[in-house]
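> The residues making up each chain are set out below.
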Amino acid sequence: MLWTIIALIVLMFFLGLAAWLVFLWAAKTGQFDDIERPKHRMMDDDDPPPKS
Amino acid sequence: MTMATSPAVVSCDHCLLPVGDREAIHDERPEGRKTFCCHACRSIYRMIQDEGLADFYARRDWTTAGIPVPLRGEAPPVAGALSPEPESLLPFIRGDHAEKEASLLIDGIRCASCVCLLEKVLERTRGVISARIGFATHRATVRWNGEKATLSGIIARLRSIGYLARPFSAAEQEESLRLQNRDLLLRFGTAAFFSMQLMILSFGLYAGYFQGIDPATRRWVEYFSLLACTPVLAYSGRPFFRGAIRGIRNGMLNMDVLVSLGAASAYTLSVYQMLGGGPVYFDTAAMIITLVLLGRYLESLAKHRASQAVHRLLALQPREARVVHGQDRAMVTTSEVGKGDLIEIRPGETIPLDGIVRSGATEVDESLVTGESRPAERTVGAAVIGGSMNGLGTIMVEVIHVGQETVLARIADLVERAQTAAMPVQRLADRISAYFVPFVLLLSVATFWYWHRFFYAGPSLLAAVSVLVIACPCALGMATPVAVLAGMDAAARKGILFKGGDVLERMHKVNSIVLDKTGTLTAGKVRVSKVWSVAPEPDADSVLLRIAASAEQGSEHLLGEAIVAHAREQGEVLLDADAFKALPGQGASALVDGQRILVGRRPLLEREGIIIPAEMLAQAERLERDGRTVVYVSRSKDALGIIGLMDAPKPDAAAAVRRLKRAGVTVAMITGDNQETAQIIGERTGIDLVRSGVLPEGKAEEVLKLRRSGRVVAMAGDGINDAPALAAADVGIAMASGTDIAMESADVVIMRSELTGVADALDLSRRTFRVISQNLFWAFFYNLAAIPLAMAGFLNPIIAAAAMAVSSITVVLNSLRLR
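Chains as they are written, first to last, in this note's numbering: chain G, 1 to 52; chain Y, 1 to 819.
Derived by calculation from the structure, the hints in this document are not laboratory data. It should be emphasised that the depicted structure is a prediction, and the values quoted were computed from it without experimental measurement. Glycine is no exception: its CB is placed at the ideal position from the N, C-alpha and C atoms. Certain hints may be false.
What the hints assert, rightly or not - Straight-line distance between alpha carbons at most 35 Å, and here's what the computed DSBU-like set of lysine-lysine pairs gives:
#, chain 1, residue 1, chain 2, residue 2
1, Y, LYS661, Y, LYS339
2, G, LYS28, Y, LYS148
3, Y, LYS581, Y, LYS530
4, Y, LYS661, Y, LYS705
5, G, LYS28, Y, LYS637
6, Y, LYS494, Y, LYS705
As the list claims (entries may be wrong) - Footprint (simulated), chain G over chain Y, 3 or more residues, beta carbon under 8 Å:
#, region
7, 185 to 197
8, 204 to 217
Work out the full structure, taking the sequences as your base and the hints as a guide.
Below you can see the structure in the form of structure tokens.
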């Protein structure tokens, strides 16, 4: 019983850890840097989006 | 520009740099064969010769190659050791000590040779690691060693060779904001993920308290709790601990101290309890940090969003304009369009720059700038704003503003400055912490003493630490940002722009509002209702109007504009005027047909020694009794006549004044007009305090007088003549329809020209501050309520968690009421 609980906790812990790593990757590669701009981009004129 | 490798070495005739004969560039000039190290130098040389500046080479005192001598020395221009960076430059510098980086905007770059020169200068400057300059953008990215150079030194060096460099703020802010945002997001995200895990574990523990739990299981769950809690404190909480140490060193008990104290004591207590078998509070420790971080992240996000809104605003401005040269039309980038150029705007196009319509008529949609969605009619003589949408007419527009002067650019600048202004709310929380922290410490010590004195040592320390844990209000960090965010959001939706968080704070204390009459209280559209001339001839009225309008052509004053507009409507052809001079509060003078024309108030004419006939005075008096503003007109030494202008109060003025009065604010009106006119407007709008015949300097004086009597004064106005008064008031409110200077000196800008905006602004600032104080109260309340339990030694994790959760939820929900 105890070991089942511990196993479940560890499993949960690693699942959370995986989600956290995905989040770290996303934040570090700038996925959340600009959450406003993309939805307006389709309204822009033909100019290519700024590179930076 | 490499050093010569062949023995034949010549020096460049422009920059004197040694250059190999084979690599040199030769140019046959009338004055002889010249040698250059690079094409840039050759083109500069040609330019200098072509401009007839040849003696530059004779007179310059460079004798060595390249960069002028004083710039090449090892010692920086500032004597002695490296002086510390001035505080104003610090926000622009990125990177660590060994390698710092900053962006500079450089004035004076003309050609590629400048860029080449600047890069060389910078790279030879001691301590500079690299310098990149964009020719098109005039932006330099400089990286240097913080131990060998300073940014101020680099700027001074650039100045010594004639280039003005300043830190590039927009990009800089954007960049640092972005990095700060990302850092916060990482810390908050990490804290949130681990706190979630912790919560799940804690729920197991809570259930255990009620239903009983196998000690071995509890032990394991507690181990995992410790594992999940540690990164939250060690990584996410680091800024708080750092801030707390800084605060204590400066002798200040700020919010960081409170947060660190709470989190750290909860953590240590839990570790101690875990070993001893007591209840643990890991979730409390983690949640304190997570929630305060959430508050900071929200604040940072709001700033970021505002700056992006600005960039979008600027992006909407077209990059090209159709410039008219006689019959030709040419598309030119807006940066090359000069003031006074005529541009053509076709139906459906976006107006590229601010200007005045010179021919054609149309309707424009200015909703982007003013928020007013109804299209506005624009005919000859009317102003159009860059960025607004042209309707169905083709118009020719004379450009009056370019670059940073345009309304759009100024709004962007305004918003940017508003973001950088420090929020007062942080100070408020710090002020409260300054009392709260010592209070809690005192309670904690008292608890320890009491338990130690009357009971025994073991639980006494436990009880004392429990007090610290439960007292930390984690909702405190969100109490103010969330409310200010909601408040500013609601304000923006109503077209009210606060220039900073501190303005919100000052605004809510306002108990007197001074309104300027013209343009603020009244419709801002004064119309000529009567023209009366001394001369009996039938066309004398039309002559009078033509002369007055010609003289007033350059006027920005409402009365002047009304006269000009009226004359145009009457089909008068205006004459050219020279030497236009606006005399604030008095009128204007100009030369028309070589004769001096005065248009203005009675004292203006009288001071010039112009005799005003009694008949004219009687007529003027009659008009003034009707509530008209009377303008006197004279040509050289003769009084010509008067023009009566009607200036009706805005339709919403009376309602707005009523609202302000109901809010307990004293409403006063100041105007340069005479008493009768002022009185009538005052009566119609319900203002009882009327000051008339006040000169512009007098307006500021009146405002100061009110302030000296202990009142907090807001001044609302929109003219040039209101600017000093706007600056003198505690809060200056400008109508966006007003002059640029007024908007510049104001703290609040109301984007629609309705007086209810003033009432709305006051209302919102008061509500926001009420919500903030409520938030602060609730943030502390639940925790304070739990302190007695902690002192009595009854604290259990459920109470700690409940106090925290309830206070946070209360704060967020309470703030959302502002929307």
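> Quick one, are G:LYS28 and Y:LYS637 close enough, alpha carbons at most 35 Å?
violated (76 Å)
> Do the alpha carbons of Y:LYS661 and Y:LYS705 lie within 35 Å of each other, as the hint requires?
holds (21 Å)
> Okay, the region 204 to 217 of chain Y and chain G, do three or more residues pass the C-beta test at under 8 Å?
holds (count 3)
> For the pair supplied as a hint, Y:LYS581 and Y:LYS530, confirm whether the alpha-carbon distance does not exceed 35 Å.
Distance ~25 Å between Y:LYS581 and Y:LYS530 Cα, so the pair holds.
> Straight-line Cα separation of Y:LYS661 and Y:LYS339 no greater than 35 Å?
Violated, because 45 Å separates the two Cα atoms, which is more than 35 Å.
> How about the region 185 to 197 of chain Y: do at least three of its residues have a C-beta closer than 8 Å to a C-beta of chain G?
holds (count 8)
> Is the straight-line distance between the alpha-carbon of Y:LYS494 and that of Y:LYS705 35 Å or less?
Roughly 32 Å separates the two Cα atoms, so the pair holds.
> Hey, G:LYS28 versus Y:LYS148, does the alpha-carbon distance stay inside 35 Å?
holds (32 Å)
Checked against the numbered hints given earlier, the structure breaks hints 1, 5 and satisfies all the rest.
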